[in-house]
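Colleague: Taken in order, these protein sequences are the chains called A and B. Under this note's numbering, the first sequence has 23 at position 23, and the numbering climbs by one with no breaks. One gets this note's numbering by counting positions in the second sequence from 1 and adding 115 to each.
These aren't lab readings, by the way, just hints derived from the structure by calculation. Note that the Cβ used here is the ideal one computed from N, Cα and C, for glycine as well. Don't take every hint at face value.
[As the list claims (entries may be wrong)] Sample of chain B residues at the chain A side, in silico, Cβ under 10 Å:
(1) GLN156
(2) ILE161
(3) ARG166
(4) GLU169
(5) ASN194
(6) LEU196
(7) ALA207
(8) THR216
(9) TYR218
[Said to hold, decoys possible] Label pairs and their computed distance ranges (CB to CB):
(10) A/PRO40 - B/PRO177: 29 to 35 Å
(11) A/SER52 - B/THR212: 17 to 23 Å
(12) A/LEU11 - B/PRO176: 32 to 38 Å
(13) A/ILE18 - B/ARG166: 41 to 47 Å
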Amino acid sequence: DQQVKQNSPSLSVQEGRISILNCDYTNSMFDYFLWYKKYPAEGPTFLISISSIKDKNEDGRFTVFLNKSAKHLSLHIVPSQPGDSAVYFCAASKGSGGGADGLTFGKGTHLIIQP
Amino acid sequence: ETGVTQSPTHLIKTRGQQVTLRCSSQSGHNTVSWYQQALGQGPQFIFQYYREEENGRGNFPPRFSGLQFPNYSSELNVNALELDDSALYLCASRRWTVTDTQYFGPGTRLTVL
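Please work from the sequences and hints to get the whole structure.
Modeller: Written out as C-alpha cells, the structure reads:
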C-alpha cells in the first residue's frame, strides 16, 4: 500500500516555463514533507521542505504548496532550467524533529527540461 | 558532494550468499539510515541507527541487519540473499534532531543472480 504517490512518472517542460510536480499522501500521521532531487549515479539531494502547519514554503525558484485537506502537495519550479532535469522524489515523515520512522518516498517523477 | 561515502559502488552476488555494504557518514552526524531503492521505485526505509543502537525499522525481515560504529560509520548486512534484494542501497546521515538535513550517499548497486 503506497502511502506517498507521485502519479506522473515523467514530465517534460520547456526551458523558462513553470514545472509543477505533484504528490499525494494517504497517511494522516504525516506532518512533514520534503522534496528531493536525484541525478543518475548520485544520492538524493534535499531541495525544500514544508511542515503541516504551513501551506506554502519558498526557496528561490522552488516553492512547495501543501493542501492538508486534500492530502496533496506540489513543487513549483520557476523558471525551469536545463540543470533541473532530474528525478524528483516526494517524501513524508512523522515529525520534523527526526524520529525513528524514516522517510516514506514516492516513486519519483522524471522531469525533463526541453531547450 | 555530501560527504557521505559508500562502498563498494557495485556488487554482484548469487542467491543465498551474504553481503556487507559500508557507509561513512558526514562529519558530526550521529544518525544513519539505510534505504533500498528497487528499479522504478522510490527509496524504502530499512532501518536507522542512533548512537550505535537500532532505533527504527521499516518493513524488512531480520536477515537485514546493521551496525553503527563510534566514528558514525555503519554497515548493512544482508544474509541469505534473494533475487528481489537486487537494488540500489542508499545510506543517509543526519543529526538526530533534524530531518531535512539528511545527506545521502551515492549508493551501492547490488545485483543478485
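Colleague: Holds or violated: the hint that B/LEU196 contacts chain A, with Cβ atoms closer than 10 Å.
Modeller: violated (22 Å)
Colleague: Just tell me: holds or violated, for the beta carbon distance of A/SER52 and B/THR212 against 17 to 23 Å?
Modeller: Roughly 18 Å apart at Cβ, these two residues keep to the hinted range, so it holds.
Colleague: Hint validation: B/GLU169 versus chain A, beta carbon distance must be below 10 Å. Holds or violated?
Modeller: holds (9 Å)
Colleague: Taking the least C-beta to C-beta distance, is B/THR216 closer than 10 Å to chain A?
Modeller: holds (7 Å)
Colleague: At the C-beta level, are A/LEU11 and B/PRO176 separated by a distance inside 32 to 38 Å?
Modeller: holds (35 Å)
Colleague: Does the interface hint hold: is B/ILE161 within less than 10 Å of chain A, judged Cβ to Cβ?
Modeller: holds (8 Å)
Colleague: For the hint on B/ASN194, does the least C-beta distance to chain A fall short of 10 Å?
Modeller: Hint violated; B/ASN194 Cβ to chain A Cβ min 21 Å, cut 10 Å.
Colleague: Close enough to count: is the Cβ of B/TYR218 nearer than 10 Å to one in chain A?
Modeller: With Cβ-Cβ at 8 Å, under 10 Å, it holds.
Colleague: Given B/ALA207 as an interface hint, is its Cβ closer than 10 Å to any Cβ of chain A?
Modeller: holds (7 Å)
Colleague: Return the status of the interface hint for B/GLN156: holds when the least beta-carbon distance to chain A is below 10 Å, violated otherwise.
Modeller: holds (6 Å)
Colleague: Could you check the hint for me, namely that A/ILE18 and B/ARG166 are 41 to 47 Å apart, CB to CB?
Modeller: holds (44 Å)
Colleague: With 29 to 35 Å as the target window, see if A/PRO40 and B/PRO177 comply at their CB atoms.
Modeller: This hint holds: roughly 33 Å between Cβ atoms.
The structure fails hints 3, 5 and 6 (numbered hints given earlier, in ascending order).
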